[in-house]
Amino acid sequence: MESVRVERATKASRVFALFAALVLAALIAMPWWGDAGDMRLVGEMAYYVALAQLWNLLAGYAGLVSVGQQAYVGLGGYALFYLTGVWNTNVYLAMILAAPFAGLMAIPVSFAVFRLRGAYFAVGTWVVSEVFALFASLIAVLGAGSGLSLTPAILREIATGRDARSTILYLMSLAISVLVFAVVYFLLRSRHGLALTAIRDSEPASASLGVNTFRTKFIIYLATAACTGLIGALIFLQKLRISPEAGFSINDWTVVVIFMVVIGGIGTLEGPFIGMLIYFVLRELLADYGAYYLILMGAIAIVVMLKAPFGIWGWVVQRYDLQLFPVGRRLALAPSEDASKK
Amino acid sequence: MNWINILIQGGLLGGFYALFAIGLSMSFGIMRLVNIAHGDLIVLAAYVALLVTEGTGIDPFLSLVIVVPVMFVLGYALQRGILNMTLSGGLLPPLLVTFGISIIIQNGLLQAFGAYDHRLQVGAIETASLHLGENLSVGVFPLLVFAIAVLGIASLQLLFYRTRLGRAFRAVSDDADTAELMGIDNRKLYAVALGVAMIFVALAGVLFGIRTIFAPLSGPIRLILAFEAVIIGGLGSMWGTLLGGVILGLAQAVGAAIDPNWQILAGHLAFLAILIVRPSGLFPRTRD
Amino acid sequence: MTLLQTNNLSAFYGDFQALFGINVTVAQGETVAIIGANGAGKTTFLRSVAGALDTAPEMVVFDGEPIGHKTAHEIVRLGIAMVPEGRRLFPSLSVEENLLLGTHSERAGPWNLKRVYELFPRLHELRQLPAPSLSGGQQQMTAVGRALMSNPRLLLCDELSLGLAPVVIRDIYECLDAITGEGTTVVLVEQDINRALDASARFYCFQEGRLALSAPTKDFDRNALTAAYFGL
Numbered sequence: 001m002e003s004v005r006v007e008r009a010t011k012a013s014r015v016f017a018l019f020a021a022l023v024l025a026a027l028i029a030m031p032w033w034g035d036a037g038d039m040r041l042v043g044e045m046a047y048y049v050a051l052a053q054l055w056n057l058l059a060g061y062a063g064l065v066s067v068g069q070q071a072y073v074g075l076g077g078y079a080l081f082y083l084t085g086v087w088n089t090n091v092y093l094a095m096i097l098a099a100p101f102a103g104l105m106a107i108p109v110s111f112a113v114f115r116l117r118g119a120y121f122a123v124g125t126w127v128v129s130e131v132f133a134l135f136a137s138l139i140a141v142l143g144a145g146s147g148l149s150l151t152p153a154i155l156r157e158i159a160t161g162r163d164a165r166s167t168i169l170y171l172m173s174l175a176i177s178v179l180v181f182a183v184v185y186f187l188l189r190s191r192h193g194l195a196l197t198a199i200r201d202s203e204p205a206s207a208s209l210g211v212n213t214f215r216t217k218f219i220i221y222l223a224t225a226a227c228t229g230l231i232g233a234l235i236f237l238q239k240l241r242i243s244p245e246a247g248f249s250i251n252d253w254t255v256v257v258i259f260m261v262v263i264g265g266i267g268t269l270e271g272p273f274i275g276m277l278i279y280f281v282l283r284e285l286l287a288d289y290g291a292y293y294l295i296l297m298g299a300i301a302i303v304v305m306l307k308a309p310f311g312i313w314g315w316v317v318q319r320y321d322l323q324l325f326p327v328g329r330r331l332a333l334a335p336s337e338d339a340s341k342k
Numbered sequence: 001m002n003w004i005n006i007l008i009q010g011g012l013l014g015g016f017y018a019l020f021a022i023g024l025s026m027s028f029g030i031m032r033l034v035n036i037a038h039g040d041l042i043v044l045a046a047y048v049a050l051l052v053t054e055g056t057g058i059d060p061f062l063s064l065v066i067v068v069p070v071m072f073v074l075g076y077a078l079q080r081g082i083l084n085m086t087l088s089g090g091l092l093p094p095l096l097v098t099f100g101i102s103i104i105i106q107n108g109l110l111q112a113f114g115a116y117d118h119r120l121q122v123g124a125i126e127t128a129s130l131h132l133g134e135n136l137s138v139g140v141f142p143l144l145v146f147a148i149a150v151l152g153i154a155s156l157q158l159l160f161y162r163t164r165l166g167r168a169f170r171a172v173s174d175d176a177d178t179a180e181l182m183g184i185d186n187r188k189l190y191a192v193a194l195g196v197a198m199i200f201v202a203l204a205g206v207l208f209g210i211r212t213i214f215a216p217l218s219g220p221i222r223l224i225l226a227f228e229a230v231i232i233g234g235l236g237s238m239w240g241t242l243l244g245g246v247i248l249g250l251a252q253a254v255g256a257a258i259d260p261n262w263q264i265l266a267g268h269l270a271f272l273a274i275l276i277v278r279p280s281g282l283f284p285r286t287r288d
Numbered sequence: 001m002t003l004l005q006t007n008n009l010s011a012f013y014g015d016f017q018a019l020f021g022i023n024v025t026v027a028q029g030e031t032v033a034i035i036g037a038n039g040a041g042k043t044t045f046l047r048s049v050a051g052a053l054d055t056a057p058e059m060v061v062f063d064g065e066p067i068g069h070k071t072a073h074e075i076v077r078l079g080i081a082m083v084p085e086g087r088r089l090f091p092s093l094s095v096e097e098n099l100l101l102g103t104h105s106e107r108a109g110p111w112n113l114k115r116v117y118e119l120f121p122r123l124h125e126l127r128q129l130p131a132p133s134l135s136g137g138q139q140q141m142t143a144v145g146r147a148l149m150s151n152p153r154l155l156l157c158d159e160l161s162l163g164l165a166p167v168v169i170r171d172i173y174e175c176l177d178a179i180t181g182e183g184t185t186v187v188l189v190e191q192d193i194n195r196a197l198d199a200s201a202r203f204y205c206f207q208e209g210r211l212a213l214s215a216p217t218k219d220f221d222r223n224a225l226t227a228a229y230f231g232l
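Residue numbers (the numbering used here), protein chains in the order written: chain A, 1 to 342; chain B, 1 to 288; chain C, 1 to 232.
In short, the hints are calculated from the structure, not lab data. From a predicted model like this one, the values you see are computed outputs, not experimental measurements. Idealized CB from N, CA, C, for every residue including glycine. Hints may be right or wrong, so weigh each one.
[Said to hold, decoys possible] Simulated restraints on C-beta separations:
1. B:A147 with C:R115: 29 to 35 Å
2. B:G81 with A:E157: 53 to 59 Å
3. A:F186 with C:E58: 50 to 56 Å
4. C:L129 with B:P284: 19 to 25 Å
5. B:P284 with C:P166: 35 to 41 Å
6. C:G136 with B:I58: 58 to 64 Å
7. B:G81 with C:G136: 52 to 58 Å
8. A:L104 with B:L217: 29 to 35 Å
9. A:R40 with B:G90: 35 to 41 Å
[Said to hold, decoys possible] Here are the simulated DSSO-like cross-link-like pairs (lysine-lysine), alpha carbons at most 27 Å apart as the crow flies:
10. B:K188 with A:K307
11. C:K70 with B:K188
12. C:K70 with A:K307
Given these sequences and hints, build the entire structure.
Below, the structure written as structure tokens:
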């Protein structure tokens, strides 16, 4: 009788873990070897990849294709500005509070949008985001159409010098990105992650096996909203001002994110990293071409969806069965003690 | 505040919204496709009309003679060339491909026409009104558009229920697999369906472009309005979509009467309220 | 003259293989039965012939022409029509509209509305009613009529008797006699073995995607058949 063991890591993932640790160490050390411009760029890459991981969790794993996550980016940003500007809350505390605020707002939102399925759910989430944007543009204390700015006093709470602020904001970006990734990663490794994969593969089948599909999706939606809110607070802390158009911009916070996830490989943890890198490369290369670069991005997304719907990493997985962030479970046959007896 | 006039105005606005919504409703009913680029196609139609009117000097109503066939062919080609390939892949490909098309249209228009507002001019009829008594006046143009919407839906019903093509549309909408087993070429049929949907998109684009300004990025709001009208009315019913548009228009009119800035928001809130209370809409056809 | 021939027909649903090298021949004017337990691959076989499932071109040859790669609607135009398992009428359409759907094959021939109503007189009274409001037997007649309206040379019938009372089944099979009397070739898939064998000249028995037995039906020993059916 052979016995069976459940293994998590693969050889590739162990090698990769070492590589990732080295890269992370280099990034943490960046304030010492890089300049403010580099830190700004890498900080941006860090928060975009976090947004992409969250969108991927929602769409690629929970099957909730939302075109309205920009709502939580805006909500997080406005929470930060409101708490610090009107309530004189400490800026770090305000940032932390942005997360549960966004999460709580997701509850009534889910009552409405969870009534819809598929593509209708997608457009529904978009409507909700527009509603938040419109409210923000109509409420005087939120600055109405022109929005709000961060006062110098608030900035001084972070640090007094520009360089120090740069460094702190960069490290916060990195920290939040790693935190979000850790949350997503451990979620997917857990029982809930297994439930999600089952739901993704077949909702009726998993429901019949006792997986509470509604509750799982609801929790994921709330968690993603909260994390997205935190990132939104971070983003607008760096931008120094917020307006309804910028805070709830579908182009900045959803179109780009979806592009990253789709090109990189939806439903994989590795995909968002690849998609993010490709996006930033393209953005650099096409910086002078104005709207053409968005047209090209749209065209690339279409071609990828038609020819390689699982993105670049999906193609790699199909060819090489590679997994760098081990979330799957493999059954390994262990030789039994009886093997020697015949 | 003359509430009757306000409500009539809002109701007639529903005619526009119904025209927005019909094409979306058709492509979902027949192809199970929610076309995220729908609003952008409406704006594209308005720009085509702009080119025609500026190029030839003919008036926008007449330009429909050119815009409608152009949009039909575009819809046919889009479905046949790209969208048909997305239909068997599940939820994501059609959504993301039409999203990509939306981005391309918006930015293409931006490059071609710049970020300026445009409007189609028709002269007097645009502001003319009928005076039906002491306090009652109804805009001629909105009334005309509402009539066009009603006529359009009636024609579509005739198409669906009295013609061979319509029968094929209904069969494919019921059961695409079996329809294929009966000799219907689904790919061609879907392309014709999107072409017909584009006829309404052309009407919507030109008529709304007469009523109000449009710009390259005006697409998304039109998609959302179309979507809200369809959901309020209930999936699968054309007359329901008209009613959905009317209700949306009424909600917006009430909002605007309180404060002009609240117009669109009032529509959204009405939509969300109906969604929470009656998720399948007011007149849903029990379909899958 | 051979009308239909399958050569080593294998069919897959994704990675799952449902048919393993099936060789079936049907001569013009014949009625051939295909029997087998659930999951034996009978419906898969019909769907492969009808073009709903893609196969290599020469695996299905119709009137000398390889059609394995052709789409279902192209195959209907060539003269193969299917009465699908479970009827699959269009619920939004009336009885008459369902029948008219059959004309999309654009084929000329003896069958039209008038003739179908002559064959199934009951349908004429019910013709304006929505298809789902009919009884099982009437729906089955409509499905057969719909297939006939395409003027097929080869009619594929998948489980005509499914869910129907014996009396109704008998009525339907009597109509089948009228159809074959016109010279239409018929392939009949059935779970009701006796019905199938009574109506056909030859039969094939499928078992788990493979051909277990094929023989003429006349005087065939039903015990040997049971063995093949269950794979004993």
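Where does the structure disagree with the numbered hints, that is, which hint numbers, in rising order? 1, 7
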